[in-house]
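Visitor: Sequence:
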Amino acid sequence: MPREQVWEMYGSFLIEYTMEIGWDELVRTMSPNLKGFLDNLDSLHYFIDHVVYKANLRGPSFRCEENEDGTITLHYFTGRPGLYPIVKGRPSLCPKRAL
Numbered sequence: 001m002p003r004e005q006v007w008e009m010y011g012s013f014l015i016e017y018t019m020e021i022g023w024d025e026l027v028r029t030m031s032p033n034l035k036g037f038l039d040n041l042d043s044l045h046y047f048i049d050h051v052v053y054k055a056n057l058r059g060p061s062f063r064c065e066e067n068e069d070g071t072i073t074l075h076y077f078t079g080r081p082g083l084y085p086i087v088k089g090r091p092s093l094c095p096k097r098a099l
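When we follow UniProt numbering, the leftmost residue of the sequence shown carries the number 1, and every step to the right adds one.
To be clear, the hints were calculated from the coordinates, so they are not data collected in a lab.
Just so we're clear, the structure is a prediction, and the values are computed from it rather than from any experiment.
Every residue, glycine too, gets a C-beta built ideally from N, C-alpha and C.
Treat the hints with care, as some may be off.
Computed beta-carbon distance windows for the label pairs [what the hints assert, rightly or not]:
#1 Y10 - A55: 15 to 21 Å
#2 N67 - E25: 27 to 33 Å
#3 P32 - R63: 18 to 24 Å
#4 K96 - F47: 17 to 23 Å
#5 L57 - R90: 14 to 20 Å
Please build the complete structure, drawing on both the sequences and the hints.
Guide: Rendered as structure tokens:
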């Protein structure tokens, strides 16, 4: 199995697991819609890194762009190479479970 596929599977597991252990409540408070949720991903990662784990990690950064056709493009930035497969398809999985 390719490494990228393993990371994608881990990303799916991570979202499912965190929703099952109660993080769905936090996600519900972030925004009533997908665009708002995506706009707040940086804040969510900051909260997880600095408040929950009391770490000084540099989490990923996200920028949301609304397209003319009504779709949303999510831009993902990180200094940790090779982890992008975790993100593929995951930002929509979390709100589907909670919004």
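Visitor: Does the beta carbon distance between P32 and R63 stay inside 18 to 24 Å, or does it fall outside?
Guide: holds, 21 Å
Visitor: Has the hinted range 17 to 23 Å been met by the Cβ atoms of K96 and F47?
Guide: holds, 21 Å
Visitor: Per the hint of 14 to 20 Å, is the separation of the Cβ atoms of L57 and R90 within bounds?
Guide: Holds, since L57 and R90 (Cβ atoms, about 18 Å apart) stay within the stated range.
Visitor: With respect to the beta-carbon atoms only, verify the hint that Y10 and A55 lie 15 to 21 Å apart.
Guide: Between Y10 and A55, where Cβ atoms are some 19 Å apart, the hint holds.
Visitor: Between N67 and E25, does the C-beta distance stay in 27 to 33 Å?
Guide: holds, 30 Å
Hint compliance for this structure: no hint is broken.
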